[in-house]
Amino acid sequence: MSFGQSEPRVYLFNTETQQREIVGNFPGMTFSPRFTPDGQRVIMSLQQAGNSNLFVMDLRSKATTRLTDTPAIDTAPCYSPDGSRICFESDRGGRPQIYVMAASGGPAQRISFGEGGSYSTPVWSPRGDLIAFTKQSQGSFSIGVMGVDGKGERILTEGYHNEGPTFAPNGRVLMFFRDPGGSGGPSLHTIDITGRNELKVPTPSFASDPAWSPLLA
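Residue numbering for the sequence shown follows our numbering, starting at 3 and increasing by one per position.
Please note: incorrect hints may appear among the correct ones.
[Said to hold, decoys possible] So the derived label-pair ranges between C-beta atoms look like this:
| no. | residue 1 | residue 2 | range |
| --- | --- | --- | --- |
| 1 | S215 | V150 | 18 to 24 Å |
| 2 | G149 | T67 | 23 to 29 Å |
| 3 | T72 | G187 | 33 to 39 Å |
| 4 | P73 | R129 | 32 to 38 Å |
| 5 | D194 | S139 | 21 to 27 Å |
| 6 | P216 | E23 | 18 to 24 Å |
| 7 | G197 | F115 | 15 to 21 Å |
| 8 | Q42 | E18 | 16 to 22 Å |
| 9 | G187 | S86 | 38 to 44 Å |
| 10 | P216 | P73 | 33 to 39 Å |
| 11 | R156 | G96 | 22 to 28 Å |
| 12 | Q42 | E117 | 38 to 44 Å |
[As the list claims (entries may be wrong)] Taking lysine to any residue and the SDA-like style, the derived pairs with C-alpha atoms no more than 20 Å apart in a straight line are:
| no. | residue 1 | residue 2 |
| --- | --- | --- |
| 13 | K202 | M177 |
| 14 | K153 | Y81 |
| 15 | K64 | Y13 |
| 16 | K153 | R129 |
Quick caveat, the hints were computed from the structure, so don't treat them as lab data. Computed from a prediction, not measured in an experiment: that's the story for all the values here. A virtual CB, placed ideally from N, CA and C, is assigned to each residue, including glycine.
When you get a sec, could you build the whole thing from the sequences and use the hints?
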């Protein structure tokens with residue numbers, strides 16, 4: 003698994019041996035780590051001088067490749083299921099939006115164009131057909147999905163404060179967290195991609211930032 007710590011830095015943690023290893027020795031803050039589908043590389047954001055760009059590291063060779071080079075904040079990368087493309091969040095157009103580009107870098111295509119608001123936390127469906135996102139507009143935080151070309155945007159649920167979608171292995175259900183503020187605290191919820199069936203996930207206490215495991219054989 004990979005995770006960030008308070009420095010913040012990205013580490014690899016071996017759940018069997020309990021050993022941890024820092025991913026790269028970068029002169030800046032690293033965050034938003036994601037594995038490639040084959041588990042051989044880690045993509046992450048590196049923040050330097052007020053902006054952040056995307057880098058990928060080969061875990062065997064330790065070779066690092068810079069994927070974006072802009073004065074913007076590029077973050078929250080996520081691979082397509084076949085590993086050929088990534089979606090990510092960037093404010094290069096003035097406010098956070100969702101972009102898609104080849105996994106090797108190069109030109110990025112903006113795909114979020116909904117009325118007003120900003121888009122964040124993009125996650126590619128395991129089936130490869132949809133990208134889920136958080137949309138913030140006029141104080142409301144919505145969870146939605148769109149096609150990988152940005153077409154067919156659908157808001158599944160909205161309110162204050164919904165964030166952090168993650169797909170179930172079947173690609174047809176999303177889990178996210180909702181924090182209404184005050185003493186209520188954050189809780190986990192699921193909703194299917196039709197937006198018709200929302201359920202609260204029982205947890206022993208407050209919960210946020212869910213992540214769904216792959217389908218295990």
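Hint-by-hint comparison with the structure:
Look at S215 against V150: about 23 Å separates their beta carbons, and that is inside 18 to 24 Å. Evaluation of the 23 to 29 Å hint for G149 and T67 yields a pass: the beta carbon distance comes to about 28 Å. Taking the beta carbon of each, T72 and G187 are about 37 Å apart, inside 33 to 39 Å as hinted. For P73 paired with R129, a C-beta distance near 35 Å keeps the hint of 32 to 38 Å intact.
At about 23 Å, the beta-carbon gap between D194 and S139 stays in the expected band of 21 to 27 Å. Distance hint check for P216 and E23: the Cβ-Cβ separation is about 22 Å, which falls inside the suggested range of 18 to 24 Å. Between G197 and F115, the C-beta spacing of about 20 Å keeps the proposed range 15 to 21 Å intact. Q42 and E18 have their C-beta atoms about 18 Å apart, which keeps the hinted 16 to 22 Å range intact.
Between G187 and S86, the C-beta spacing of about 39 Å keeps the proposed range 38 to 44 Å intact. Roughly 36 Å separates the CB atoms of P216 and P73, a value that falls within the hinted 33 to 39 Å. The given range of 22 to 28 Å is respected by R156 and G96, whose C-beta atoms sit roughly 25 Å from each other. One distance hint, 38 to 44 Å for the beta-carbon pair Q42 and E117, holds here, with the actual separation near 40 Å.
Between K202 and M177 the CA atoms are separated by roughly 9 Å; this keeps the pair inside 20 Å, and the hint holds. A threshold of 20 Å between alpha carbons decides the hint, and for K153 with Y81 the separation of about 19 Å falls inside it, so the pair holds. Only pairs whose Cα atoms come within 20 Å are accepted, and K64 paired with Y13 is accepted, the gap being roughly 13 Å. For the given pair, K153 sits about 17 Å from R129 by alpha-carbon distance, which is consistent with the 20 Å threshold.
In summary, the structure agrees with every hint in the numbered list given earlier.
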